[in-house]
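Engineer: Sequence:
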Amino acid sequence: MSIFKERTIELIRQALPDELQAELDLNRLVEVPPDPTLGDFAFPAFSLAKILRKAPAQIAQDIAAEIEKPVWLERVAVVGGYVNFFIEKGQRAHDVLTTIAAQKESYGSTVQDTPKTVVIDFSSPNIAKPVGVALIRTTILGHSLARIFSFRGYQVERVNHLGDWGTQCGKWIVGYRMWGDEEQLRLSPIKELFRLYVRFHKEAEVDPALEDAAREAFARLEQGDPEIYALWERFRSLSIEEFKTIYARMGITFDSYNGEAFYEDKMAAVVSMLTEKGLLQTSEGAKIVNLDDENLPPCLIQKSDGATLYATRDLAAAIYRWHTYQPTFVLYVVGAPQQLHFQQVFAVLRKAGMQWVDRYEHIPFGTIRFGDQAMSTRRGNVVFLEDVLNEASARALAIIEARNPNLAQKEQVAEQIGIGAVLFRFLVYSRMKDISFDFASALSFEGDTGPYVQYTYARAGSVLRKAAQVECNSTQLDYAGLNSAEEMTLIKELERFPDVVEAAEAAREPAGIAHYLLELCRAFNGFYHEHRVVGSNLEAERLELLRATRTVIANGLFLLGLEAPEEM
RNA sequence: GCGUCUGUAGCUCAGUGGAUAGAGCAACUGCCUUCUAAGCAGUGGGCCGCAGGUUCGAUCCCUGCCAGGCGCACCA
Numbered sequence: 011m012s013i014f015k016e017r018t019i020e021l022i023r024q025a026l027p028d029e030l031q032a033e034l035d036l037n038r039l040v041e042v043p044p045d046p047t048l049g050d051f052a053f054p055a056f057s058l059a060k061i062l063r064k065a066p067a068q069i070a071q072d073i074a075a076e077i078e079k080p081v082w083l084e085r086v087a088v089v090g091g092y093v094n095f096f097i098e099k100g101q102r103a104h105d106v107l108t109t110i111a112a113q114k115e116s117y118g119s120t121v122q123d124t125p126k127t128v129v130i131d132f133s134s135p136n137i138a139k140p141v142g143v144a145l146i147r148t149t150i151l152g153h154s155l156a157r158i159f160s161f162r163g164y165q166v167e168r169v170n171h172l173g174d175w176g177t178q179c180g181k182w183i184v185g186y187r188m189w190g191d192e193e194q195l196r197l198s199p200i201k202e203l204f205r206l207y208v209r210f211h212k213e214a215e216v217d218p219a220l221e222d223a224a225r226e227a228f229a230r231l232e233q234g235d236p237e238i239y240a241l242w243e244r245f246r247s248l249s250i251e252e253f254k255t256i257y258a259r260m261g262i263t264f265d266s267y268n269g270e271a272f273y274e275d276k277m278a279a280v281v282s283m284l285t286e287k288g289l290l291q292t293s294e295g296a297k298i299v300n301l302d303d304e305n306l307p308p309c310l311i312q313k314s315d316g317a318t319l320y321a322t323r324d325l326a327a328a329i330y331r332w333h334t335y336q337p338t339f340v341l342y343v344v345g346a347p348q349q350l351h352f353q354q355v356f357a358v359l360r361k362a363g364m365q366w367v368d369r370y371e372h373i374p375f376g377t378i379r380f381g382d383q384a385m386s387t388r389r390g391n392v393v394f395l396e397d398v399l400n401e402a403s404a405r406a407l408a409i410i411e412a413r414n415p416n417l418a419q420k421e422q423v424a425e426q427i428g429i430g431a432v433l434f435r436f437l438v439y440s441r442m443k444d445i446s447f448d449f450a451s452a453l454s455f456e457g458d459t460g461p462y463v464q465y466t467y468a469r470a471g472s473v474l475r476k477a478a479q480v481e482c483n484s485t486q487l488d489y490a491g492l493n494s495a496e497e498m499t500l501i502k503e504l505e506r507f508p509d510v511v512e513a514a515e516a517a518r519e520p521a522g523i524a525h526y527l528l529e530l531c532r533a534f535n536g537f538y539h540e541h542r543v544v545g546s547n548l549e550a551e552r553l554e555l556l557r558a559t560r561t562v563i564a565n566g567l568f569l570l571g572l573e574a575p576e577e578m
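Each number in my numbering comes from the position in the first sequence (counting from 1) with 10 added on.
These aren't lab readings, by the way, just hints derived from the structure by calculation.
Mixed in with the good hints, there may be bad ones.
Said to hold, decoys possible - Derived lysine-lysine pairs resembling DSS-like cross-links, with alpha carbons at most 25 Å apart:
#, residue 1, residue 2
1, K476, K114
2, K114, K502
3, K313, K361
My request is simple: use the sequences and hints to build the entire structure.
Structural biologist: Quick look at the structure:
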């Protein structure tokens with residue numbers, strides 16, 4: 011928790027009647043007043059009125075009278091039913107800035123005595139389909155969540171549950187044999203496989219026999235036909251290689267690429283386990299688990315032709331992950347349309363007596379639209395992640411050429427900014443919101459954007475470089491001097507970063523960190539505009555403020571998966 | 001029909017059981033001989049979808065309704 015909120019809560023607790031000290035959730039009750047002139051923290055006494063049978067204003071008076079003022083507290087004021095706390099400014103500046111200076115890249119992080127494991131299943135592309143914008147959201151969200159949980163002291167296992175099995179594999183095998191372009195496959199495997207996928211569906215509309223051919227090809231793959239298997243394996247590894255290069259541009263790595271093919275030989279065990287527990291029923295020729303008592307539609311386990319299904323694979327994966335990782339949490343970062351699917355899978359496991367499924371969570375997110383149409387892979391109506399990144403990077407480079415043509419390593423910085431803009435754009439919305447994708451807003455570098463945050467970081471760094479060339483006029487730090495409105499606003503923002511990280515973990519929601527960074531940067535830029543650093547009589551203290559701001563921006567950007575360029 | 005998510009400024013979105021509801025974009029106006037103007041400051045702009053209820057207090061919690069998205073058996 012942030013430094014002074016914690017101290018204020020402790021102070022209030024001691025001032026309360028004994029019987030209330032334990033039961034009140036002060037962390038929830040204590041708030042920051044809407045106007046800083048009212049105080050730094052406030053305790054509303056209204057909720058105690060009924061319990062104590064006294065007027066809120068009287069209770070507030072009583073609490074204020076009980077408080078023994080520590081050195082860090084400037085004063086306490088009672089306004090109506092509120093007890094308002096004013097923190098001593100110099101003390102606050104000192105404690106916040108020295109804490110950040112000491113903790114640096116670990117400021118805001120948590121150490122766990124015995125590290126708990128969290129498995130995060132994200133990105134998980136279907137390798138026969140392209141990395142469209144829909145896939146961007148799970149990839150970016152999952153990556154950020156992985157960093158947040160890691161920062162919060164968890165051992166994180168990043169799992170890419172590849173869609174590398176199923177009848178669509180038969181489609182690319184058939185497609186490749188009929189229209190495949192070997193050259194293109196080497197150059198750009200994902201786009202070539204995508205082209206085959208789209209063409210397959212187009213041709214299959216007039217020639218339904220293609221569907222049969224695909225089914226047959228997949229059946230032969232399952233039987234281990236060496237020629238077909240070699241083809242599949244080649245497509246798979248080419249696709250993974252290309253994914254890895256895109257992931258690398260975004261700083262993403264995985265601990266496992268075990269996907270659907272990996273679980274293929276673990277399906278029979280799931281079916282027999284469900285049979286043994288008497289959960290499997292036959293309905294219309296298919297094997298199902300009835301979930302009436304959970305108020306859910308039945309979960310389909312096996313098709314009438316004997317083939318297993320999506321749910322079966324997820325059951326196998328869930329069981330495997332439990333035994334492999336003994337996780338505290340398993341997070342599935344998968345779109346909101348699949349909420350029912352996960353409810354069903356989790357319900358089946360619960361019925362099978364696997365109580366550990368309570369640790370499993372679906373982390374849903376809203377749909378991405380392009381214009382007013384939903385993405386449709388089959389129609390080829392997609393935007394490639396790679397093209398978005400390339401475009402973003404190119405636009406960033408153009409801006410650098412126009413504004414800062416002498417910048418060193420322009421291409422690298424442009425990549426950081428362009429990709430930063432895309433990542434930030436996708437993280438700044440609450441994950442449940444549907445978002446409408448358009449290049450104009452995704453590639454905007456002004457206002458509430460990643461580049462704005464990166465720019466603020468670079469700008470502060472520029473002042474530090476400038477200061478290094480100037481004689482420092484003060485060695486004795488006097489934090490009490492940092493008492494202007496702009497400085498206090500900035501210090502308060504810096505102070506609350508640990509709370510923001512904690513909330514982001516609890517809600518599985520990186521958007522809070524993105525919004526926090528925007529506010530932090532606004533606070534910094536307000537300060538920057540109003541106060542001179544280099545050559546001022548508070549130079550040393552303000553440099554500390556700059557360093558702390560840069561530390562927190564860097565930590566926050568890291569949690570979102572963005573780079574923090576030194577210069578831009 | 002059932003379930004679920006969303007509904008806040010012209011647009012895109014924050015926000016919280018509490019004291020006057022906030023940003024960005026767009027529009028208009030200022031600010032670069034001074035540490036990066038990818039910036040800062042200002043102006044205008046709101047039945048917080050509608051109606052009840054709980055509460056000292058609701059934009060926030062509950063119920064109903066309206067609008068939109070998504071899902072609901074052999075795809076994943």
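Engineer: If a hint holds in the structure, say so; if it doesn't, say that too.
Structural biologist: Structure-based check of each hint:
1. Restraint check for K476 and K114: the C-alpha separation of about 22 Å stays at or below 25 Å, so the hint holds.
2. Proximity of K114 to K502 is assessed by CA-CA distance (about 17 Å); at most 25 Å being required, the pair is judged to hold.
3. Between K313 and K361 the alpha-carbon distance is near 21 Å, which keeps this suggested pair within the 25 Å criterion.
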